[in-house]
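Visitor: The lines below spell out each chain.
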Amino acid sequence: MISTKKITFSYGKSTEFSFPDILCKEGETLLVTGNSGVGKTTLLHLLGGLLRPKSGEISIDNTAINFFSERKLDQFRGKNIGLVLQQSHFVEAFTVLENVALASWLASGEQKIQKAKQLLEHLDLGEQLCKLPSQLSIGQQQRVSIARALINEPKLLLADEPTSSLDDENTFKVANLLENLAKEFNTALVIVTHDSRLKERFPNQISLS
Amino acid sequence: MIAKLAWRNTWFKPLNTVLSVILLMASVAIITVLILLQKQFEEQFSSNADDIDLVLGAQGSPLQLVLSSVYQVDAPPGNIDYAEAKTWMQNPFVKTAIPLAFGDNYLGFKIVGTTPTYLDKFNAKIVTGKVFSNNFEVVLGAAIAEKLNMKVGDTFLGSHGDAKEGEKHEEAAYKVVGIASKTGKVIDNLILSNVQSVWAMHDTHEHEEGEEHHAAALNSEEGKEITAVLLKFRNKMGIVLWPRLIAQNTKMQAASPAIEINRLFTLFGIGLEALTYLAYGIMLISGISIFIALFNTLKERKYEFALLRVNGASRFQLLQLILIESLVLCVIGFFFGTVLGRIALIFISKSSDEEFKMAFNPLEFVWEKEGVLFLITIFVGVLAAVIPAVKAYKLNISKVLANA
Numbered sequence: 001m002i003s004t005k006k007i008t009f010s011y012g013k014s015t016e017f018s019f020p021d022i023l024c025k026e027g028e029t030l031l032v033t034g035n036s037g038v039g040k041t042t043l044l045h046l047l048g049g050l051l052r053p054k055s056g057e058i059s060i061d062n063t064a065i066n067f068f069s070e071r072k073l074d075q076f077r078g079k080n081i082g083l084v085l086q087q088s089h090f091v092e093a094f095t096v097l098e099n100v101a102l103a104s105w106l107a108s109g110e111q112k113i114q115k116a117k118q119l120l121e122h123l124d125l126g127e128q129l130c131k132l133p134s135q136l137s138i139g140q141q142q143r144v145s146i147a148r149a150l151i152n153e154p155k156l157l158l159a160d161e162p163t164s165s166l167d168d169e170n171t172f173k174v175a176n177l178l179e180n181l182a183k184e185f186n187t188a189l190v191i192v193t194h195d196s197r198l199k200e201r202f203p204n205q206i207s208l209s
Numbered sequence: 001m002i003a004k005l006a007w008r009n010t011w012f013k014p015l016n017t018v019l020s021v022i023l024l025m026a027s028v029a030i031i032t033v034l035i036l037l038q039k040q041f042e043e044q045f046s047s048n049a050d051d052i053d054l055v056l057g058a059q060g061s062p063l064q065l066v067l068s069s070v071y072q073v074d075a076p077p078g079n080i081d082y083a084e085a086k087t088w089m090q091n092p093f094v095k096t097a098i099p100l101a102f103g104d105n106y107l108g109f110k111i112v113g114t115t116p117t118y119l120d121k122f123n124a125k126i127v128t129g130k131v132f133s134n135n136f137e138v139v140l141g142a143a144i145a146e147k148l149n150m151k152v153g154d155t156f157l158g159s160h161g162d163a164k165e166g167e168k169h170e171e172a173a174y175k176v177v178g179i180a181s182k183t184g185k186v187i188d189n190l191i192l193s194n195v196q197s198v199w200a201m202h203d204t205h206e207h208e209e210g211e212e213h214h215a216a217a218l219n220s221e222e223g224k225e226i227t228a229v230l231l232k233f234r235n236k237m238g239i240v241l242w243p244r245l246i247a248q249n250t251k252m253q254a255a256s257p258a259i260e261i262n263r264l265f266t267l268f269g270i271g272l273e274a275l276t277y278l279a280y281g282i283m284l285i286s287g288i289s290i291f292i293a294l295f296n297t298l299k300e301r302k303y304e305f306a307l308l309r310v311n312g313a314s315r316f317q318l319l320q321l322i323l324i325e326s327l328v329l330c331v332i333g334f335f336f337g338t339v340l341g342r343i344a345l346i347f348i349s350k351s352s353d354e355e356f357k358m359a360f361n362p363l364e365f366v367w368e369k370e371g372v373l374f375l376i377t378i379f380v381g382v383l384a385a386v387i388p389a390v391k392a393y394k395l396n397i398s399k400v401l402a403n404a
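Line by line, the protein sequences are chains A and B. If you read the first sequence in the UniProt record's numbering, its first letter stands for residue 1, the second for the next number, and so on. If you read the second sequence in the UniProt record's numbering, its first letter stands for residue 1, the second for the next number, and so on.
I should point out that these hints are in silico values taken from the structure, not numbers from a laboratory. Here the structure is a predicted model, which is why all the values come from computation and not from measurement. Just so you know, even glycine gets a beta-carbon here, dropped at the ideal spot from N, CA and C. Keep in mind that a hint or two might mislead.
To give an idea of the chain B side of the interface with chain A (calculated C-beta under 7 angstroms), a few residues [what the hints assert, rightly or not]:
(1) F12
(2) P14
(3) E304
(4) L307
(5) S314
Sequences and hints are given; from them, build the entire structure.
Guide: This is the structure we're talking about:
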């Protein structure tokens, strides 16, 4: 579960954002929409603990994260927050399986190889375990980054424009996949997007302006 | 896991890695060779000069005298009169005096007329056979026996002078009566006989017109010459006084191996130092190459770093990652450098053995100096990694991901 209270953020003096309060419970999906430049990515980074708000409070699973030390925040993020980014980035020198296992090691100090395998097979990537990420298609890469985001069974799954580079068919596939996984893993899912196809798909929306 | 990642990254861009490793390897190899050469060279030089306080010989360059009589590497400056030398050899100040008479060689190996004391000076024992006692009986140094595969009882003809191709003394053959133990010193590459053999050989040589030789004439010492005398004193005063005393009263000179060799090392030292600087220069360049390689890849790797942070890696772990990557290069470079240096030494040893009868041991480890070299290599690695590592440490992940 994630909730925010009156968070604001500013880049220097000129650009100030104040965001509406957000609440998203386990297994639910929340769509954050808005045009470019209204602070969608900023909000996502605030929720993911990559940025700190100027004021207000963010709590994940009833834990306020804004006052954590840098190290504590890194640990908390690793364990409790899964992030699916607009473009998939990987550790280029590691295989698909190793990339997912690395995420579990960074969060828990233990490489959950079996679990990573199951998860990747679940996402229809059983054939690609030992390939390098650069050898996969864009769609496959995205599914790997979803697997990586879920390996630690996070309380919160954040997705930044997950469908911007996909066609209609794949957009709905990914939307269904994310929603189903959120239910399956009992995690709160927040999708940040300007994709109108998704707006029709998810009823629970907040629009930034 | 961080180490594994560092290792994989090292080989993911093999070209950068190979360049850095080759540069490091070259500098470490050069320095290793220098360390080993210097150590073993000095060791060989000083151990050969053990128990020799002064060398008595013909006037000329004292360095030449020392090199020729103690190290057997140069031609002697000339001969001295045996009778005159003998008066000094029998002086009560003198503890031991070893006469040396050079004349011939066999396949490039010097035949030296001397006394059995010469063997004792090098702590060489007779392994098989016995010590030379009669004319034309010789004891072979261990290395010669091995290289030429000669045994007790073999005979051979000497060639005149110190050139392999010199005129052969066909009138009389040398007979091997003993083989000396291995000492690792110059004696291993010498053929030893008594002084009289050398005289006898050259008497026949000079009188080859057919004059008869009288045993008495051969054994008389009048008018006979030797090349040098190695002196050890009972008391150190002699070392200080004799060089002047001899220069003033005779046509000979007395040279101190310690002083001459010191002078030689000072001359060598400049060259060795220059090479060492060169090697450290190469190491500096390899450090810069590692730095550039790490720095260049920072830009393309910043997403990877951001990603690691998103997945819960701490800033310190990123710092660690870059540091380890740099150290991996350094350790690999150091390892191959040490190996390469030793391979180079094998070749150097081969050619110096052929030319100067001086061999080096590539398997020796000079722990102290090589340890320091290792630490310097590691230091270069850390230094090269500092700026890239700090940059990774300070990476603003939100900014990196937002601009993606």
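Visitor: Indicate, hint by hint, whether the structure satisfies it.
Guide: Quick rundown of the hints versus the structure:
A distance limit of 7 angstroms between C-beta atoms decides the matter here; for F12/B the minimum to chain A is near 4 angstroms, and the interface restraint holds. Proximity of P14/B to chain A is violated relative to the hint, the smallest CB-CB distance being about 11 angstroms (cut-off 7 angstroms). Interface restraint check for E304/B: the shortest CB-CB distance to chain A comes to about 5 angstroms, inside 7 angstroms, so the restraint holds. Checking L307/B against chain A: minimum C-beta separation of about 5 angstroms stays under 7 angstroms; hint holds.
Evaluation of the S314/B hint against chain A yields a held restraint, the C-beta minimum of about 5 angstroms falling below 7 angstroms.
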